[in-house]
Amino acid sequence: RNSGSETWDSNGQPEVSLHPAARRLSSRALLSQTSPLCALEELASKTFKGLEVSVLQAAEGRDGLTLFGQRNTPKKRRKSRTAFTNHQIYELEKRFLYQKYLSPADRDQIAQQLGLTNAQVITWFQNRRAKLKRDLEEMKADVESAKSVGAVAFEKLAKLAELEKCAAGDTKEKGLFRDEE
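Residues in the sequence shown are numbered from 1 upward in steps of one, following full-length UniProt numbering.
A few of these clues could be false.
As the list claims (entries may be wrong) - FRET-style restraints, in silico, Cβ to Cβ:
no., residue 1, residue 2, range
1, Val143, Glu164, 26 to 34 Å
2, Ala167, Arg129, 18 to 26 Å
3, Leu157, Glu137, 27 to 35 Å
4, Met139, Gln99, 17 to 25 Å
5, Glu138, Glu93, 17 to 25 Å
6, Lys76, Gln112, 49 to 57 Å
7, Asn127, Glu155, 38 to 46 Å
8, Lys156, Pro104, 54 to 62 Å
Quick caveat, the hints were computed from the structure, so don't treat them as lab data.
Just so you know, even glycine gets a beta-carbon here, dropped at the ideal spot from N, CA and C.
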């Protein structure tokens with residue numbers, strides 16, 4: 001029965017030489033397994049369980065996100081939009097007419113007068129400059145459009161006038177206009 005390097009256990013089964021890592025498994029786990037494949041499976045599952053925990057802990061340490069992109073802690077709620085009063089808008093618009101950019105002193109003064117924070121005044125002026133830029137670009141596009149339509153319309157009017165002249169000339173020659181006789 002004993003052929004070369006193989007050894008046999010008391011049940012007549014070949015003894016398996018385990019990798020040192022597999023030997024470290026608890027004796028209870030090894031006793032409950034029936035084959036080397038089961039022992040390998042047990043070793044792999046324990047290894048991956050340890051890996052999963054360390055990967056998840058590392059992922060959770062990064063900016064509050066878990067491995068699947070979900071937040072551990074709830075995101076801070078944004079401050080609600082400021083509803084400016086008509087008086088505040090009037091004063092801000094009035095100032096914007098002659099001053100597109102404010103100095104820090106002017107900003108402080110307006111904020112205090114209107115009961116707003118510096119950040120609100122800064123944001124209002126930034127938004128208003130952006131709106132002005134959009135409006136100017138839209139007006140420029142409208143003017144360009146009107147120019148191109150105007151040129152086409154002018155050409156059509158010129159052709160129409162020419163046709164009317166031709167038509168008038170034809171009718172005069174035929175004596176169709178009574179007032180010209």
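Checklist entry - Measuring from beta carbon to beta carbon, are Met139 and Gln99 in 17 to 25 Å? => result 22 Å, holds
Checklist entry - Okay, Lys156 versus Pro104 on CB: inside 54 to 62 Å? => result Roughly 57 Å apart at Cβ, these two residues keep to the hinted range, so it holds.
Item to check | Status of the given 49 to 57 Å range, CB of Gln112 versus CB of Lys76 | outcome: Since Lys76 and Gln112 have Cβ atoms about 28 Å apart, the given range 49 to 57 Å is violated.
Checklist entry - Is the distance from the Cβ of Ala167 to the Cβ of Arg129 consistent with 18 to 26 Å? => result 56 Å, violated
Checklist entry - Does the Cβ-Cβ separation between Asn127 and Glu155 fall within 38 to 46 Å? => result 43 Å, holds
Checklist entry - Between Val143 and Glu164, does the beta-carbon spacing fit 26 to 34 Å? => result With Cβ atoms ~30 Å apart, the hint holds.
Checklist entry - Could one say that the CB atoms of Leu157 and Glu137 fall in the range 27 to 35 Å? => result Once the Cβ atoms are compared, 30 Å apart, the range 27 to 35 Å for Glu137 and Leu157 holds.
Checklist entry - Measuring from beta carbon to beta carbon, are Glu138 and Glu93 in 17 to 25 Å? => result With a Cβ separation near 19 Å, Glu138 and Glu93 satisfy 17 to 25 Å, so the hint holds.
Checked against the numbered hints given earlier, the structure breaks hints 2 and 6 and satisfies all the rest.
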